[in-house]
Structures are given as structure tokens and as C-alpha cells.
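Novice: So you can see what is in the structure, the chains are spelled out below.
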Amino acid sequence: MGTADVSDVQQLLDEALNLKADPQSAADIGAGLKLGLVFLNPSLRTRLSTEMAAKNLGMDVQVLNMSSDAWAMEFEEGAIMNADKAEHIKEAAGVIGRYFDIIGLRSFPGLKDRDADDEERIFKAFEKYTAKPMLSLESATRHPLQSLADLITIAEHSKKKRPKIALTWAPHVKALPQAVPHSFAEWMLAACHELHIVHPPGLELDPSFTDGAIITHNQEEALEDADFIYVKNWSMREPYGKAYEGGADWLLTEDKLKQAPEAKIMHCLPVRRNVELSDELLDSPRSLVLDQAENRLWSATAVLRRMIIELHEKQGRTVGA
Amino acid sequence: MGTADVSDVQQLLDEALNLKADPQSAADIGAGLKLGLVFLNPSLRTRLSTEMAAKNLGMDVQVLNMSSDAWAMEFEEGAIMNADKAEHIKEAAGVIGRYFDIIGLRSFPGLKDRDADDEERIFKAFEKYTAKPMLSLESATRHPLQSLADLITIAEHSKKKRPKIALTWAPHVKALPQAVPHSFAEWMLAACHELHIVHPPGLELDPSFTDGAIITHNQEEALEDADFIYVKNWSMREPYGKAYEGGADWLLTEDKLKQAPEAKIMHCLPVRRNVELSDELLDSPRSLVLDQAENRLWSATAVLRRMIIELHEKQGRTVGA
Amino acid sequence: MGTADVSDVQQLLDEALNLKADPQSAADIGAGLKLGLVFLNPSLRTRLSTEMAAKNLGMDVQVLNMSSDAWAMEFEEGAIMNADKAEHIKEAAGVIGRYFDIIGLRSFPGLKDRDADDEERIFKAFEKYTAKPMLSLESATRHPLQSLADLITIAEHSKKKRPKIALTWAPHVKALPQAVPHSFAEWMLAACHELHIVHPPGLELDPSFTDGAIITHNQEEALEDADFIYVKNWSMREPYGKAYEGGADWLLTEDKLKQAPEAKIMHCLPVRRNVELSDELLDSPRSLVLDQAENRLWSATAVLRRMIIELHEKQGRTVGA
Chain A
1 MGTADVSDVQ QLLDEALNLK ADPQSAADIG AGLKLGLVFL NPSLRTRLST EMAAKNLGMD
61 VQVLNMSSDA WAMEFEEGAI MNADKAEHIK EAAGVIGRYF DIIGLRSFPG LKDRDADDEE
121 RIFKAFEKYT AKPMLSLESA TRHPLQSLAD LITIAEHSKK KRPKIALTWA PHVKALPQAV
181 PHSFAEWMLA ACHELHIVHP PGLELDPSFT DGAIITHNQE EALEDADFIY VKNWSMREPY
241 GKAYEGGADW LLTEDKLKQA PEAKIMHCLP VRRNVELSDE LLDSPRSLVL DQAENRLWSA
301 TAVLRRMIIE LHEKQGRTVG A
Chain B
1 MGTADVSDVQ QLLDEALNLK ADPQSAADIG AGLKLGLVFL NPSLRTRLST EMAAKNLGMD
61 VQVLNMSSDA WAMEFEEGAI MNADKAEHIK EAAGVIGRYF DIIGLRSFPG LKDRDADDEE
121 RIFKAFEKYT AKPMLSLESA TRHPLQSLAD LITIAEHSKK KRPKIALTWA PHVKALPQAV
181 PHSFAEWMLA ACHELHIVHP PGLELDPSFT DGAIITHNQE EALEDADFIY VKNWSMREPY
241 GKAYEGGADW LLTEDKLKQA PEAKIMHCLP VRRNVELSDE LLDSPRSLVL DQAENRLWSA
301 TAVLRRMIIE LHEKQGRTVG A
Chain C
1 MGTADVSDVQ QLLDEALNLK ADPQSAADIG AGLKLGLVFL NPSLRTRLST EMAAKNLGMD
61 VQVLNMSSDA WAMEFEEGAI MNADKAEHIK EAAGVIGRYF DIIGLRSFPG LKDRDADDEE
121 RIFKAFEKYT AKPMLSLESA TRHPLQSLAD LITIAEHSKK KRPKIALTWA PHVKALPQAV
181 PHSFAEWMLA ACHELHIVHP PGLELDPSFT DGAIITHNQE EALEDADFIY VKNWSMREPY
241 GKAYEGGADW LLTEDKLKQA PEAKIMHCLP VRRNVELSDE LLDSPRSLVL DQAENRLWSA
301 TAVLRRMIIE LHEKQGRTVG A
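Residue numbers (the working numbering), protein chains in the order written: chain A, 1 to 321; chain B, 1 to 321; chain C, 1 to 321.
I should point out that these hints are in silico values taken from the structure, not numbers from a laboratory. Nothing false has been slipped in among the hints.
With the C-beta cut set under 10 Å, the calculated list includes, among others, these residues of chain C facing chain B:
hint, residue
1, Leu44
2, Ser49
3, Lys55
4, Val275
5, Asp283
6, Asp291
7, Arg296
Here a beta-carbon is modelled for each residue, glycine too, at the ideal position from N, C-alpha and C.
Let the hints inform the model, and build the full structure from the sequences given.
Specialist: Here it is as C-alpha cells:
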């Protein structure tokens, strides 16, 4: 799911806040339903929070680490499977779809073929062949459970109705996906927040996610009077998937926040300390990173609750919650 | 368990079909019982379906991936353990036996020592040292939960009381065990189906599993008027564990089914597309492969239910189900 | 937890024995509480028994294999994280602390920096950054759940109020931690048992754990008339973490027990057969190793029950159990 599926971000946010305030209100809504969590990539927060959220809703949960529990999958249509891929997505996802009512999938982009990633070939193949409702645990282009958790965190800490939010690029040692900044931009704009995006030239994001944001290369200007500063690395879109060379001075430090005395610092984690963000900031009261992570529980709870209600409605059942 | 343990295949099949029709009929029968699932090899269907079946029956389930969660085991009697094996099967299985009421084990054959594999040394060592009822999640010589699922699938799709079934060897890039074809033959014959087995010369199966089947090297003849065609690779018994060289033309395609217009196609999965079976067949209405996988849930449910009832009887309890 | 946290070893032992005799007495005490089990190292007994104990108490349990499910952690304060460690303990543990009520951690010593290990830097960092009650699943210096299980086993098999216990060093192919012998000595002494420790010169343990024990290099003398003989390898403290060279003749065999006709043999497992302990001993009625492993269930149950009661008391709830 992306905001494409969420026409009412504000309503979903309210539901998440209500569930956090009263977790018992949806305690058994998922009883009898099976959730399969399929990881094609490693995970800490997503793994723990999504399983916990689902169990809190009464669901049965099973986790599959595809490559270590099972084997490598083939995604190519028409492939002659005489190499190292042991099972085609058609069968692997087809079978998983037979077992579960809802399927969560983590599928990072390959960062080699931009079209394949932008088209979400892996996620969509799972969606097609499982033929079941899919929950994104971060896909090639989006990380919606993170963005909703970010929105919850901002709602809890904002003193303004329309805070100024700055998304600032940060250096990193690896080439990272654009899923988090894309999703973040999409959700902040859908929530009608004032969003500034700042990065070195050459790191432009996909405009389809950022339309409505103020985009600049001037970090000082973007951070000025910001209420929330979201720090995140991403790799280049052109040439696609290449790590940006240089930019070490984009490390965010307290020193850069002289004109943003109220700014809270956000990051989706894992964060590279003293590369993306300085220790002094992460260890200061400015930091909301653990609150964001904790709110992953409530974004997952809110989204799973909606998916459960939709399933019940399809089955003609009415639900109390 | 193999058919050796199942004197009444038809009765077990009926139980499985009844459980599929009315899953609630055995919903809590396993409450308070502990199932340990030990994987010495990777697994997708078996892992997901067996855990789900057990939970549906009310059991507690824990999964142990022996090599990644723990360490390598020594199986040799009298070994001086000064190399890389950290724990002897006597202790590892002994401990597991203390924790669980029923233990599921996946233990593929080594394909190096035919006697060791044929004698099921690993599975039997677990059986001996756990001293608990054991559930095969595919062992060196058999895959009974798969074969029962195959039987369920045939029962659901057969228009005849005694369908013609052809088990046809297929090429593969790796040397695979004979467990699936052995088990399949054993169960189909126990169910009194008409079984034809066809393969290139040199790929003879163990006659103790195939006695009663019509065995040939002529694929065209074996497939003619078949109701069900089971496609499967296996490696040679002599020399043991060697992959068959050649045989690429044994790939099953629609073209080969001109004399079998009604034939449904089966495979235990994972399948190598366009090596064992063509895309056109797997993607056609002939294919039952996902139904077979789904029925793994019900073969596991039926077998676990029987094991639970046996445990209760030993404990002098009567059970409603 | 070590004995530092347990002023009343005898009382805890009684609780464990009572729980074993009447498992239902605490069946739902942990309902609604979340236990996270974090493994930085492999595990068989600890993994299975702790999860099972927690579920028996009604807790929700989630397991995280840090390196295979997630990624490598940085522990250095002030590190510039531009290498292979993806997340700092401050965030990783901080997040885990937000999700769970109690956190179990297995963190073996590195065996390179004695001060770091002796100070329990990893365990204490988790304790600090999770800010939640921590359960040791074996840390750098202690393995309390094992030692309590050992105490239960001795209580069940001892004919004397104050049995003679000999802890005898055994050879091994790897350099192993001192956590088990340290913990064992600490708990046996806290229980006022007569403890003899015997090892080749150069393998002295940390006196802070062994004060009160009779320490010798004469294996024959130490074993004489022993009621329980605990066999265990450990590496050197000086030079730190070095495997002892030689000592093959410290392998314990039946032949060495002529003066200890009543002695029962104990080992925490996994054991190297015919390196640490002979087959004849492990396969004889002298061996208690499987009983020890089974009692891990009851040491975990007793300790988790106490932690749950403490949590309830903090929250002002009274508990029936």
C-alpha cells in the first residue's frame, strides 16, 4: 500500500492514534486470520513491530526468511531455470497465497534496473501470484508503514497545525534505495505539511513523489526554522543506483541547527552515527528516532486493522471494531 | 511415517477430506501439546503448512533450523569429536525429545552412501534419541505428507474410481533424492491406483516402493490416456546419487500430451520451469501444482490429528474429535 | 541476572521445583507481556527452553537472530560508522526496549579483551539502552539459567544435604568462555555445596566467582568420593582467551571414577564426545546431562515468573500466583 491506496491520510492517522491510546479496542479483530511475513531482505524494526501488531490484533503470524529458510527465486517470465534459482515466483508466491489471508513482503530494489524497480516488479509479481491483499514491509519505491509512523510521531510532537518539515540528504557508505524519502515526501504532502527537500545537485528524487515540496540545494536555508528535520541518505536516480561521491559535509550536526532551535530530528533507522547524524544530535532531546520506531507498532496496527476489516467486509461479516 | 505405518490409506484420505471440509472439527484437539519442527534442510511449503496445521489443531509449535540457529551435528557412533561438529545427535535429539511431545524432522539423504540413506540413519537416530513420536517432513527415502497431499488432490480431481497415473522422470540441474517418487509410488499403489512409471534406462527406482507399478522407458506409451501425470526428477541409484547425464528431451510439454487430452499435471514443487515442465503446462488449467501445495495443509492436519489422538490414548484420555 | 541478583538461591530453587511439580500454578501469569529473545550467538537448549517456558507462562515471545535476521551492530561509543556495522547498539537496543517488557540476550565474550568481557560491555549496553529488565541467555561472564538448572538437577539426584561436587576442566578443540564454570561455581557456593575445582595449572578461574571452593590441580583427589562431577572446558584467563595446549589426558573416563562409585556426571552441553567425556560415561546411568537440559525449562520458568511478578508489582498489580 502507498498513499495511492490511502485517500484519507488524516483519518488513518486518527485511527492509529486511537489504537495507541486504546490498544484493546481492536484486540481480537483478526482472530482466525493468517498473516505471512516474507522477507527478501534483512529487517529489525519492521520484523518485530509488524509481527507484534498482528498478534495484538489476534492474527496468527508466520515469518519466512526466503533465502535462508527456503531458497533463491526466479522472477523472469519464460526463464529456462537451469541455474541457481530453485523456484519461480509464480509457484513460490502462488503457494504462499494459498496459505495466508494477508501477505507482508519486504523487497528492496535491486538498484540496477530503474524501470524494474520503479515498476515494483517484485512486489507486483507477489501481488499477482499470491492473489491476496499485500502489505508493504518496504518495497522498491515505498515504505508506507514507516511514513505513517513518521506522521504519528510528528502529530505527537508538533506544536503547529502545519509544521515546517525539512528532508535533508545525508552521506552514507552504501548506495541506499529512495523508498524512504519517496514515501516520506508522499505522506507529508498528503498530510498537507510544509515540506522542504534539500540535497546536493544530482540527487533529485522522482518528482511524482515530491510534487508540492520546496526543493533546494541550500541546506542552511532548508533547515531554518524547521520544526522537524528528517535525515536520510539515498542513492542517485541518474546514473541509477550509484552512491553519491562526496557530500561528507552534509552530516547533520548541532552546529547546523543554530537557526532551527526548535527542530526535532528524525530518522527511520538504522542510522550511521557520525556519518549521517552526529552523536550529539542522536543523544539529545531533539531526537525522535526511538519514538518513530515505537510508532511502527501503531502504524502496522492501524493498517492491518483496515485490511482485516476489508477482508471481513468481502466475506459479508460485520465487525464490532 | 510411511505407508508402513498407515494400513488404511483410504481411511486417512477420508479423514483429511473431512478435516478440509470442516476445519473446526479438530480445532483444539492438540491444546497443551508441543510440536518441535527441526529442519536440517531448507523448506518452504513444508515449513509453512506444517506449522499452520499444528497451530490450527491448537498445538504450540517451535521451529529449529539446526545449522543456522544452532550448529552442525555428529552422527557417527563412537566419533572422537575433535573437528567441526559441535554436538552429537545423541545429545541434540535427546534434548529435543525432552522438550516436545511430537517432533517433525526434515533430513534429506546425503546421496553418497546408499545404505546409510536407505536405512534412514539420520531419521532413525532422531527417532531413537528423542524417544518421541516423529513426523517426517521428508526424510532420505520418503515424503509422506507430500504423498498424502497428492492423494487428496487426485481424489478431488479424479473422474474415475481408479485413474491412470503416470510418474514421469524429468531432467534437472542437480542430483535430487528419490524420496518423492518412492513415496508417491508407495502411496498411489496403496490406494490401488493404476500407476505407470517411466524414465530413461539407468534411473530404476527401488523396487520395494514400486512393486505393482507398470515400469517402462517409453514416455509416449506411459502418458497415453493418463488422467494424472506426476513429473519429477530423481538421481541414479547405481552409481548412487549421480545426476543422470542427458535426458533434456524428457522435459514435459503440451506437445507430448496429444494422446492424453484429459491429463492433469502434478509436481511436488519447487519445479524448474522449462527444464522439468514447460511454462505452457504449468500456466494451463491442466496444472494442479498449487492445489497439491494447498493440500499439504490438510495432509499435515490429518496426520498430526492421528498422532495427537494416539498420544491421548497412551495417556488414557478420550478425545471428542 | 547472576547470584548478585539472587540473595535467596534456596528459595528460587524451591520455586523452580514447585513449578516443575505443578506447571499449571503459573500458567497465565505472563499474559499480555512481551518477551524478546535476542541471539548474538547460536543456541539450541536456551532457545527452545526459554521460548517454551515463556509461552507456558502466557507471554508472547519473539525471537531475533541479530546477525541473520537483521545486521551487525556497532558497540563503540563515538564510532564513525563508515564500515560494515549497520546500526549502533544505542538504536538497536533502544528500539527493542520500546517493543518488549522483558528482553533475553545471548552475548558470548569476544575472548580478546578481558576487561571488556569481564565488564559485560555488551550485556550492560543492552541493559542500558533497552531500559528494560534483562534476562541472561548466557553472557560473557555468566550462564545463570544453566546454573539454576544444574542446581535443580543436583537437588533431584542428591542423597545428601551437602553433596561433594567436583568441577573438572576438560579438553576441547576450541577456546571456550569461562561463563559456565564461573556461574556454576557461584551458584554451587551460594547453595552451600562442597565445591572442588580442578584444572591444569594456568587455567585458574576468576577468584571472585570461586571464593570458597577447594581448588587443586590433582584430578584424582578432586574426584574421590564426589557425588557430582561437572565436566567443562574453558580457555585461559592469562593470556586471555587462549586455548590450553595439551591436557588431552583430562578427558573424563569411567576408569577415573574408581574412587567415585556414586558420582553422577554433569555437563551443560553441547559436549565433545571422547574429547571432554567418554561415550561410556555419557551413555551410562551416571549421566545427568539430559536431565540438566530438561531442567532448563524449569529454571527459565522460575526466573521469568519472578521477573513477571516484579513487573506487576511495579505496575501496582497484585498477582494470584
